[in-house]
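Trainee: Chain by chain, the residues run as shown.
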Amino acid sequence: MSLEDLKSMGLLREETQSRLEGRVSVLYLSGATVVVLVACGMMIVGDGNALTGWGIALFLLGFFALIGANLRGVMKGRMRED
Amino acid sequence: MTQATETVIPTRPRHSETELARDLKCFDITMVGVGAMIGAGIFALTGIAAGIAGPGLILAFALNGIMTLCTAMVYAEVGSAIPGAGGGYLWTKFGMPGPSAFLVGWMDWLAHAVAGSLYAVVFGSYVVWGMQTLFGWGNPPTGAEHGDMGTLFGLNAWYFAKSLTVAVCLFFIWVNYRGSSETGKTGNIITVSKIITIAIFIAFGLAALIRGDIGPSGATVSEKFTPFLPMGGSGVLVAMGITFIAFEGYEIIVQAGEEVVEPRRNIPRAIFWSLAIVIPIYLLVAIVCIGALAIPAPLLQPDGPYPPGQTWAYLSALGETGVAEAANQFMPWGTGALLLVLGAMLSTMSALNATTYSSTRVSFAMGRDRTLPAIMATISPRTRTPVAALFASGALITIVAVTLDAEKVAAATCVMFLLVFAAVNLSAIVIRRKYSDRLQYGYLMPLYPVLPIIAIVGQLGVAGFLFWHEPLSMYITAGWIGLGLLIYVTYSRKQHHDLKATPVVFEQHTLAGDAVPRVLVPVANPTNAGALIELGARLAQADGSGLVVLHAVGVPEQLPLSATGGFVNAARELVDDSLAAAAAAGVPAVGLVRVSHHPARCIIDTIIERKCRTLILGWTGPKQPRTSYEGNLGAKRPLLGSQIDRVLFQSDANTIMLRGSLPTDPKRIVIPIVNPRQGRFAIEVAEAVAGENTVIDLIHVGREQSAVVASAGAVMQEIFDSAQIETTTRRRGLKVMMQPLVSVEVIKTIAQAADGADLIIIGGTAETWWKRQAFTPFHAQLASLFDGPMLLVRRRSGAAKFASQLTVEFFASKEPEQ
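First to last, the protein sequences are chains W and H.
Counting from 1 along the first sequence, just add 688 to a position and that's the residue number in my numbering.
Counting from 1 along the second sequence, just add 785 to a position and that's the residue number in my numbering.
The following block holds chain W by itself, in its conformation from the complex (with noise of 0.2 Å):
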């Protein structure tokens, strides 16, 4: 595929069209990626015991600040002059 197959798809930018970017903080997903690798260890070491009930709470609220920092990201889409 080919330059000439996107343009015959309508997907090419037009030179004077200003770029539309998701922009998503590096920073919270990061944090919120720590979280949940965090999460994941409390769950192996607790053994079924309570910490690893409290790493799947965990978890969940990590991939939530996840998920949200990506609709963020789609949601507050930047337009980027060339």
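Derived from the structure by calculation, the hints contain no laboratory data.
Keep in mind that the hints are not guaranteed to be accurate.
Distance condition first, Cα-Cα at most 27 Å in a straight line; then the derived DSSO-like pairs of lysine-lysine [as the list claims (entries may be wrong)]: (1) H:Lys1452 with H:Lys1279; (2) W:Lys695 with H:Lys810; (3) H:Lys810 with H:Lys1279; (4) W:Lys695 with H:Lys1586; (5) W:Lys695 with H:Lys1279; (6) W:Lys695 with H:Lys1285; (7) W:Lys695 with H:Lys1599.
Put chain H on the given structure of chain W with help from the hints.
Mentor: Same frame as chain W, but now just chain H:
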């Protein structure tokens, strides 16, 4: 015998003729994704995966969620920039070389179809189970034996389950036929009902788990989750692989890209919303199934097989109906079974709806590209749905559901999904690298390219574990890929080429006997056409073939190809004259006129279609010799000419470029020689153009006397099997003299040695497997110092080396294909 064919320039199908209706909103496609994910995954595979990972199933779901999110971010990015039917298949066409896109589409098609058949099978199982338990019309499975479905109306329940499986498949073929809007509406109702049903199930399960008063076993909640990883980490990895099928549904969101309103924004949003709904549901279902399920007293040790805390093992034995059994236990007033049967029916129906939809879109996209038969791209004029692709995919789903053991095939399906996702992740890296400045994104993933790389490593790792755990999955995957490659080589490659090839507007044959034209001579300039035809005729006579005479008409980019006006008539005259010259030389020939915005493309297409072994080009010589090599394609300044560079890079034929006129009876031909492989070809060409008494002088230049003599001897040994500096050619017995010369100024020394020669033939440079490089600035500089007739010759690389070079170049270059 002369035969002429004139063709009107074929117009490609307008995009609108193969365009789908765009009427799905963000909520609709979110529900499509949720519907696809929450299907048989939690109902059929929770029990199976629990048997593999134990309570670690929760961790497997969590890790799958993270891995899925990595790939989902990739899908969101590329899906927002290139929304179109086919999804991953479409993107790998831009992001991977060769047959990769076809194989991705091929695997994606089967994987979705098998996933759909799994959902249909589970639907049948649950309805039968409901009839057995709710209405008492038979005996449900006991859980003591795998595969037992019990009885219904006194007969084996298996027959009823399969009949229901076929019925539900046919129903969703009909729903999908009615249009994407209907598909979306039906899917929304079913999916929302399903989420509510599962939410009620989870709520009662959590309540029971918190109360901790379930069952006769006396095991505490904590005991049911301890040990958390009874099968170790490998069990978690295998469970991840087995259940991955339940995480792939977001891919269906991008399959709908062509039918989504405002896809740039809605596709990423729908992907993330669907994961936000699905992943927590999976975790909670796994928690309540293991934590709130109780083992019936007769099955407890010492009389039964299970220790009190091992609910995961009991869940595993129940298989597809394990979740229903859990609901039956912890929901009040006997509503558990009813609710779960309802939930499972809705889940499997929405997932079947979504996979029918997605497998249809993949095969439709492949049909549109002609990599599957063109009939697959047929759209119903009434409903605007890809009707042929739908019936083919529906038939595949139904046949797999009825004939194969869907659970066993599911592992292979997971491997295929994993391979498809790994390919898409790689494609996303390449697409951002090559096309990012030209595309408009609605979402950009952060930490590029770390996330796709993590996803690739994870997916290949899990696929490897699945191979190890389920060798059958490896055999099925390898068999399907092998079958795909066979179809690609024998059918798809040619069909796709024909669709994309530059059109032939005129063709004329002057062929006689069995001669097959294998020497391609593009002619454009009447002043050198005669010399090129003469050279071509000598080479064709030497190998007993004929000529393909081509005139490539270049149409400016701003004009359509049909606007060739009088150019084609002028081209026909030149082709007619060239055919006459070939006939006079006694060589059969075929004449072609092609039109394109890029004349080089016409030559490349002709080489591929006519399987031309040799290409003869005219060359005017260097205009501004370059001092350094920057790669043939995408270089700021062309080396030999922009069109010639492109032809040399993108095609693989023995190439001979003529500068000046061809001497009729050359007395002395000079060949500078370094690389024996290219040198041997230069000598073959010299034999073809030489006269009866021609002497071929080989010149070998080095910096030190002893080294030059030794390497000259080695070259002679390699080419003639004799280290003598004087010998004769094999075919015509022409005299060959080797001259070892010592100099630090190689180019000037060769030019001096060639002084007075009737013809100089310069071989191409030695090539590696990873870099395509026919000629270098050395050749251009030498051409600028020698005024006489000159041939630049290059032996073809061979199919394997050519493919390897293009693959490396594809990933190494930042330039998009033009």
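Trainee: Are the hints correct? Go through all of them and say.
Mentor: Here is how each hint holds up against the structure:
Note on Lys1452 (chain H) and Lys1279 (chain H): the hinted pairing is violated, with a Cα-Cα distance of about 46 Å set against a maximum of 27 Å. For the hint linking Lys695 (chain W) to Lys810 (chain H), the alpha-carbon distance of about 25 Å falls within 27 Å, and the restraint holds. Distance check on the hinted pair: Lys810 (chain H) and Lys1279 (chain H) sit about 38 Å apart at the alpha-carbon level, beyond 27 Å; violated. For the hint pairing Lys695 (chain W) with Lys1586 (chain H), the CA-to-CA distance comes to about 31 Å; that exceeds 27 Å, so the pair is violated.
Of the pairs offered as hints, the one joining Lys695 (chain W) and Lys1279 (chain H) holds, with about 23 Å between alpha carbons and a cut-off of 27 Å not exceeded. Distance hint between Lys695 (chain W) and Lys1285 (chain H) is fulfilled; the C-alpha atoms sit about 14 Å from each other, no more than 27 Å. A hinted pair counts as satisfied when its Cα atoms are at most 27 Å apart, and Lys695 (chain W) with Lys1599 (chain H) qualifies at roughly 18 Å.
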